[in-house]
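The chain contents come next:
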Amino acid sequence: MKNELSITLVSAGCTISGDLIVDHGISYFGLLDGGLISTQGLLHVGDRGLIKGNVQGDHVRIDGRVDGNVHARGTLEINGHVSGDIMYCGTIRLGPRAALNGTLKRVARMLTVEPASSESPELAATASAPAAPERAESNVTEFTRAKA
Amino acid sequence: MTSGGIGQVVSQTTRKGIFMDIREIQRLHAQFAPDSMVIDLPRQIAALPAPGDHSESDPSRAMHARMAGVAPRARQAAIGLAIAAMVAMTGMGAASLYRNFQAGHHSASTVSTAPEQKSDASPQTTEKPAFQEVDATPAHPVSAAPTLSASDFASAGSLGLTADQFRNSLKSPARAGQPVTSPSAPALSSEAQLAAVSPIHRAGASREAAAAATQPTPRAEPAPVQAVVVAKPAPAAQTKAQSAQAAQVTQPPAAAAQAPAPVAQAAQPAQPVQPAEAAKPARAAHRHISRPRADQNAESNSDARPSAESRAGSAEVKMF
Chain Z
1 MKNELSITLV SAGCTISGDL IVDHGISYFG LLDGGLISTQ GLLHVGDRGL IKGNVQGDHV
61 RIDGRVDGNV HARGTLEING HVSGDIMYCG TIRLGPRAAL NGTLKRVARM LTVEPASSES
121 PELAATASAP AAPERAESNV TEFTRAKA
Chain G
1 MTSGGIGQVV SQTTRKGIFM DIREIQRLHA QFAPDSMVID LPRQIAALPA PGDHSESDPS
61 RAMHARMAGV APRARQAAIG LAIAAMVAMT GMGAASLYRN FQAGHHSAST VSTAPEQKSD
121 ASPQTTEKPA FQEVDATPAH PVSAAPTLSA SDFASAGSLG LTADQFRNSL KSPARAGQPV
181 TSPSAPALSS EAQLAAVSPI HRAGASREAA AAATQPTPRA EPAPVQAVVV AKPAPAAQTK
241 AQSAQAAQVT QPPAAAAQAP APVAQAAQPA QPVQPAEAAK PARAAHRHIS RPRADQNAES
301 NSDARPSAES RAGSAEVKMF
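So the sequences go chain by chain: Z and G.
For the first sequence, our numbering assigns the number 1 to the initial residue and increments by one for each residue that follows.
For the second sequence, our numbering assigns the number 1 to the initial residue and increments by one for each residue that follows.
Keep in mind the hints are simulated off the structure, nothing from the lab.
In this text, a Cβ means the ideal position worked out from N, Cα and C, and glycines have one as well.
A few of these clues could be false.
Said to hold, decoys possible - Label-pair distances were calculated between CB atoms; the ranges are:
#1 G/A30 x Z/G90: 31 to 39 angstroms
#2 Z/A98 x G/P42: 36 to 44 angstroms
#3 Z/L5 x G/R75: 54 to 62 angstroms
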């Protein structure tokens, strides 16, 4: 068995439309309009990275901005902006720059949670409540409002 | 650590406004790489005691287990057999050595006994050497032979003495003039000793003693018996002796008194014997001792007629 470290690096200045699915670690510093799924390794959303979709991975680290739900089967580290619901199975760590706009829920490890396309009103309420003050200040909020 | 890494990233981003370089990204991914757990598996598997051989070596493992159970017993059996073989070999060697030693010793003993018997037999029969080898192997017959020969040689000695007596008797007429009896005494001394043992001769000796005390009396006693035999040759051969001994015959009046008158008269012709016996009275006694009664009678007869005795002795010597 090889001891190679397979990662996918998407640097800044790269925009991908659609879902991106990898079976290894990935570091994304660009713009992704879609969902991002990593079956194994670390799913890293770098600083100034923007993911407009759901993020699902084994180990998830978010230093950028995610406009969607986040599902981590293992550890979860957030030092960025997450606009969506967060589910994790293992441990969660929040950095000083962590900004969460959504619900936070810990589920069983083997349970696969596929968030429904239609968000529940409760989760939306909880997520919108803390993010309400930021929403006025951040551009994302404005973008979301504009899109809506 | 992870928090530290995050802090560093954050600090770099915030301070320098620069993105993470590739090394930092690799380091970050390495922390969560699943290979770290898989990498050690081959080594751990290799460290295991042949995990892949379980399915293949099941029969061999069973056989090995059986052999492991049998091996100690086989080893003990082999050790026991080896010890038994060593003991057997040692015993066989000792037996062979003992057999060889005994054979050599037995041969040596037989060889050593042979000369002894030879030496024993040699004085008796000097012509043995040809027969010694054959006679030496059986110890008992050889040892028995001397005992028999000892008794036999007593009679043989008597026979030899008879020869000597004949010889002496042959010499005696020549020595008749000589009154010396001492030279013949040592030769007869051994015979006298042998004869003294026998009761017959002992009785004879006592009788001789009585006869020595009174010489005419014994002469007077056999005289009547010998009178028939001796009376005839005596007067014919010896006429001079009668005249010479006539004076001596006069001495036994006591015997004559004991014996009847006709007997005394008949004894007178036998008196010529006296001159020969007068010269050697001791030898005459020895003769009586060594010889049986028949010989004594013959002796007395021979003494009764010296001339006839010399002729008879010469004839006997020729016979030998």
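Enumerate the violated hints, using their earlier numbering and listing them in ascending order. Number 1 - this is the single hint that the structure violates.
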